[in-house]
Every structure is written in structure tokens, then in C-alpha cells.
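All chains should be built: construct the whole structure from the sequences, respecting the hints.
Residue numbers (the numbering used here), protein chains in the order written: chain A, 37 to 224; chain B, -6 to 273; chain C, 415 to 840.
Careful: at least some of the hints might be erroneous.
To be verified - For lysine-lysine, the following DSSO-like pairs were computed, each having C-alpha atoms within a straight-line distance of at most 30 Å:
no.	chain 1	residue 1	chain 2	residue 2
1	A	K116	A	K201
2	B	K265	C	K643
3	B	K266	C	K747
4	A	K122	A	K102
5	A	K122	A	K157
6	C	K643	B	K264
7	B	K265	C	K747
8	A	K157	A	K116
9	C	K747	B	K264
10	B	K203	B	K50
11	C	K643	C	K742
12	A	K102	B	K91
Keep in mind the hints are simulated off the structure, nothing from the lab.
This structure is a prediction, so every number in the text was calculated from the model and none was measured.
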Amino acid sequence: MATPSLVEPTRRDFLYLATGAVAVVGAGAVAWPFINQMNPDASTLALASTEVDIAPIAEGQSITVKWRGRPVFVRHRTAKEIEEGKAVPLSDLVDRAARNPNIDGGDTADATDQNRAAAGKEQWLIMIGTCTHLGCVPLGQAGDYDGWFCPCHGSHYDTAGRIRKGPAPENLHIPPYAFTNDTTIRIG
Amino acid sequence: MTHALVQAVKAAAVAIAVFAATPSLAAEGGAHPEKAGWSFSGPLGHFDRGQLQRGFKVYREVCASCHSMNLISFRNLMEEGGPEFSEGQVRQLASEYKVTDGPNDAGEMFERPARLSDRFPSPFPNEQAARAAQGGAYPPDFSLLAKARTYSRGVWLSLLDLVLQYQEHGPDYIHALLTGYDHQPPEGSHGQTGLHYNPYFPGGWIAMPKPISDGQVEYPDGSPTTVEQYSRDVSAFMMWAAEPHLETRKRIGFQVMVFLIIFAGLLYFTKKKVWSDVAH
Amino acid sequence: MSGHSTYNPQNPVLKWFEARLPIVGLIHSSFVAYPTPRNLNYWWTFGAILSVMLGVQIITGVVLAMHYTPHVDLAFNSVEHIMRDVNYGWLLRYMHANGASMFFIAVYIHMFRGLYYGSYKAPREVLWMLGVVIFLLMMATGFMGYVLPWGQMSLWGAIVITNLFSAIPIVGEYVTTWLWGGFSVDNPTLNRFFSLHYLLPFMIAGVVGLHIWALHVTGQNNPTGVEVKSTSDTVAFTPYATLKDGFAVVCFFIFFAWFIFYTPNYLGHADNYIRANPLQTPAHIVPEWYFLPFYAILRAIPSKLGGVVAMFSAIIVLFFLPWLDTAKVRSAKYRPLYRYFFWIFVVVCILLGYIGASPPEGLYITVGRLLTAYYFLHFLVILPVLGLVEKPLPLPASITEAVLGPNHGGVSVVPSSSAAAPERRA
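Shown next as C-alpha cells:
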């Protein structure tokens, strides 16, 4: 066995250390392609946007479109729903963040009804239809707050898609979107 | 006894050498393409952006009327390692194509301008339509053609190709084919009606008529507008289409080689040290 | 894989664990303390290279399967999707495709090394036969893997090879229909080939385990062919063999990397970049290079059944090799005649490969038949007779003597079972 008195590093030790270090670097470099191959590929990343014609959606109706493999709710809200949404004081909210990447402040802005609805078109509410709890699709115009209700674990969202009761931690997320004209929106 | 065996082995070796040097019986009428020389050959090879852009122009204005390229998306034209058009250029280009999408809410298919994520639309809706329009011949898809075409170089040259990394059989063949229409068929060789003589095509008679002539495509960068230049550019473009990560591959390959050689050297000396007190 | 362990943990946790599952001790005795002949040359590193290549193939294969679609309408495009869009997909696929060829290059060297040094002789017959089983499994795996990209060569290779089974008398047609799951090579065939291609490598890994087990029971052969007699004949596996194997593996990787990065399609066929078309056969159907010698034997016999029988016999005969070779001496180093016949046999195999790649016409047929005859002659006549008529050279008394000269017969030079680094001793 090695004599404990051999403390001073020798050329031989350096050689072993260098070889070992290069082996570790090599193993790390080899691992990366095998990990990265599971990330979204170029064709998935390219499928970024979807266009929706909203002209046929009457007041009080909504449609669900697919964007990046998930449902997106496009809701034409009634005056009553907008009224209800505006009447809620921020202090009643579980999650006070707007979760809207389309406005200044994005995630940190206050979750007012105005910050949740489409800018300048408050009758339109566009949200990713995935419950922020564990990913089920909430049912529309249901639950204790006339908004959405997730049947999986009982989360209640209000008319602006904000979480009010139940296990979900966050308001329904809003995707990046823009009106390309008065009747068409491009999501993504 | 031993001496006789040595003689036998020597005789066998000579026989092998003669045997393997005989030209392959498989060579079927096809003339051997010249090596054209490419910027993307060799261990440090890379594409010439201008050439790829010109090649795409030739494809678009000439070849695309018959040949599809259905594994390529518009977005590929702006990706690193390719022609690298700007995003604006590619968006503009895509919008000039119509693709079929749908069904819409009424259950009908509709046409819309292409987007970056769309594949290149094919000139014909299906193979049958393509054959019907071409007198029975099917113009092959361009996406992989530069890797799907080759020519035989025989045993010894093939071994040399491995060492010298000659991998451009496909582009050389395409280049030779496109510039090979002006040869006269040998005496007594007749193709079927509608076929055209080209010494580089296996069998010598090809359905595709001479596809391009001098001056047919304008080049904004002042490159010569000759068949020779067109065919070089479009062959290079087809190589990129078939192997879009060629540049990355060779770049990473170089780094891997340097790493492995250093690692092998270190291991060799470590091994030598460890074994130094053991005779073996 | 036991009996050499000096593993004796002091740490109480390791001690507790070792008493319940002595796996660390097993690894220690198999890959650390295991005594390996001190005179092994670099031809003996191909076992390690093969183990690493099996690992490379399994890992890249599992990853590729995450992106591949085994359906006739989608397979070709899914492979191109891997090549174009998947992050580093081109690298993974080229590693896997060229890795198969590297695997076969290594296995052929490994086999010829066994032939040269008589590594199949008693008491290593089972070790050798397990190796032949691995070889057969590798061929099945390689063949089915080549079908998966569903290019022209994939399809037509599959058609030709599966049709071999139709040569079986009476039930041949039923067997091929059963293999295909239809009346031609089509979607059911592709789908089951994918399933089996995924399964077989794990079976190979299992047989490799047995192969190593059998190896560690008998101990390794060595260039002298003289059995290990004392501890001075051996060194500890770690660090001696591990470092030598490691160096050889990295050198092999340089060779491998040349193909992956610089000539990735050199060993493939251009036709396989054309989508499979069941209505049109490519001008020349050639199997992957590693099947060529056997393909030549298949074509040498002018009868369908005869060709198939000859081809399979060419591999089956390897199972009987330990008994066909009647020589008492193992290593060709001490067999002056066998040495020549060995090299002739190597040349014959290479030429068979050349014939397998050539069109079946004219001179090629005649030469192919002569070479095929010689292949069987080598195993069935030359080896049995040679052992009886050959006068071997005098063998060294031991490995140590072969290395150090006649006066070192039993002198202990390096304690072999010591896992500690001997160079640290003052």
C-alpha cells in the first residue's frame, strides 16, 4: 500500500490527475447530446403560432383552439361577466399576479380584470385552458364564480380566469397573442 | 515444406492484387464523373453561403417546376450552416407560396400563404400526377438526392476515399450529369423515344431533357451565368439540403479528434508508467 | 467470477451491505483483483472494446427509439426528422449506424485472435461457443436494424434475407409468411423487426455476461497458449489491464470518430437514402459489408436450399471448432504450419467478402465456389489433419519464462493479487 509519508506530488501523480480530469471532461461532453436530444426539437419549436378567426364567436360564447398541443380558451365575455370581474378587490385574490406576458410587468402586474383581458378589447379573454394545479382542462361557465371549474380536484376560477377557491396555486395563464386585425388573433 | 508454403502465399497475394484491380464488372455504361472540388469537402469543409443562395435560386426558378423538396422547411433556409437568408427574406419568400391547410370550421380545406414552419410545397399533388405530366417518368425528390446518388470507384480508390475523406460522389455525379448533355451517343446506341443521351446516367439514356442553359437564371452577385456555374451551385445546394448539419458535424468532429488524441496520449503514458515495473 | 477476491471492507456500512449482497466484492474480484496474464498483447483488448461498443449501441439505440416511428409510411421520414430536427440527432444516428460496423470490425478481430492463439481449445470450449451465439445474435440484430430506416436497401435486404427461409422444405412458405405477418415484407414486418431489434441487444448483453463468467472460470488464454502456473505469470486486472484496455478503447474511438464525423455514409449504401419502393428493386442488392463473406457462400451454391444450408453451416461449423482442431498446442506462435494456414484462411475470408460484393457472374462465380470450398476445407480437413502431422515448436515452461527468459520460471516478480498500486512502493 502507499506509504503515507509520500505527500509531495510527483510527476506521476500529475499524470494520473490529468488523465482522470480529461476523462471526466470527455464524459461530460458526451453526456450532453444524450440529454439535449430530449429537449424540444427544431420542428417543434418552429410550430410557434396559430391564427384564429374570432368573428363567428358571439357574446357569451367561447371556442377552444389548440396551440402547442394544449387548449386555448377564446371567450367573448358578456357585460355581466366583465362587471363581475371588475368588482373583485385584489385582496380577495389567491394569486395577485396577472400572468399575462402581453402587458408591461407580465407576471408581476396586478391581476385586475383589465390586465387579464385583451388590451382595449375587454370583452375578449384568451387563456391557456390548463388548470394550474395539475394540468386538467377546466369546464367553462361553471363553479362558484361563474368562470371555470376544474373537475379533477375542484379548483374554481372567476370570470377573468383567476383562481378563487381550490388547490390550484395560480391564475389561468395567458398565452402571448396579438390581434392582427379586428377579427383575427395570432396566438404565439 | 515451409518454403513451398511461402511461395504459395506469395502467389496468392499476387493473384489477389491482380484480381481486385480488375475494373468492376458492375460499371454499366456510366462514364465516371470528374471530381469538381467543393468548399465543403475535407475535415474543415464548410458551405459557401453565396453558392448555396445561388443554388437555391436555380432550384427555385428551374428545378422546382418538376422536382419536389419535401423534407425541407422554409425555416431551414435561415438556419445556421445553410444558405442563411435573413428571416425577413425567408418570410417574404414563404408568403409567395400557397399551401393547403385545414379543414376549417366549415370542414373544408383551404389555401393560405406558407409560413416558416411549412415544408416546401410539391409541384405535383402526388406521384401519379407527376408521372402523368412527365410521360411516365417520376422526377425524384431533391431533399436527399445528393446522398442517394453515387458512382462506383472500385476497391482501391474506395479505400483511398476513406483515408482522404472523399465523400462528394453525389454532388460530383449531379454536376457531371447536368453538364453532360452535349455528348453524342456512341455508334449504335439508341434510347427509347423521349429519352435523352447522357453518358453519366446509368445506362446512358435519361428521361429528363437538358434542364438548363447558359443565361437562364440571373445572378445578383455577378457570378457567371453558365451551365457549369449553375450546376455547381445547385449541386452544392442539394448537398446542404441532404446534409444540413454538415458544417456542425465537421466542426464537432475536429474538436472530438483533438480531444481523443490528447486523451489517448495521456492514457498511453499513464499505462506506460503503471506497466514500467512489469516486464511483458 | 469469484475466488480471487481480496475485498475486505472496513467501513461498517460497506461491511453491512457486503454481508447481505456481496456485489461490490464480486465486481472487485472480477475487474480489480482478477489475475490477468502479464503477456497479453493488444489483440486482447478487443474484448473490452466490444463491451464498450455494446454499451454505445444500446445507449444510442434507446435514445434513437425515442424519435423513431416503426411504420412504413413514417419510418423513413422519422429517420430524416432525427437527422434534421432532433438536437444532435445526426450525431446519435451516425454513431449508431457506424457503431454497428465498428462492432463487427471488433468482433471479427476478436474472433480471428481466438483462431490464431487457439483460444477455443479445452478448457475454453463453452466460452468459445457462447461467443458464436453472441455472433449469431449480433447478425440478427444488425440485419433487423438495417431494415428500420425503410430505404430501398432496407426493404430489399429484408426481402432477400427473409426469403432464405422459404428454402426450408415443406414448411418454408409458412415460415416466411409467419415472419412477414403478411404476404410480403410490409408494415407488420417492420414493426416486429423494431421490437426484436430493441430486444436482441439485451439478450446479447446477457450472453456477454455468461461469456465473461466462463472466461473468469477458465482464465484468459495468452499469446504463448501456456496456462497460468504461478502468480508471477499474472498481474492484477486493475490497474494493468484496465489502463491498457482504456488506451485501446480510446484509440478505437479515434477510428470510430473518423467514420462518424468525416465519412459517415462510407459504409452505408446510397440507395438507402431512397424511400423503400416495393415495386422497384435497386440495380445491385448488396448486404452490409459484415455479411458479405456469408453472402458469397450463399450464392456459391447453385441451389436455393443448398445455398442456405451452406451459409448457415459456415457459422454452425464454428461451434464444432474446438473438436475439429486436433492440435495439442494452442498458440499459432508454436505451430509453424498452422500459422500459414491461418493467414491463408484470413485472406480467403476477405476475398469471400469481395466476391459477396461483386455481381454473381462469370469469373466471380467460379472464384466464389473455390473460396467457399476452401472455407469448409479449412475447418473440416486442414485443421483435423494438421494437428496430427504438425510438429510444434518447443513451448516455454511458463508465461514468466516466455517473458523474462529461461531462468525465471517460478520467480515472483510482481505480486499479482495486490490491487494496490505497486509503483508506490518505495
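| task | Would you pick out the hints that fail for this structure and give their numbers low to high? | result | Going through the list in order, the structure violates no hint and respects every one.
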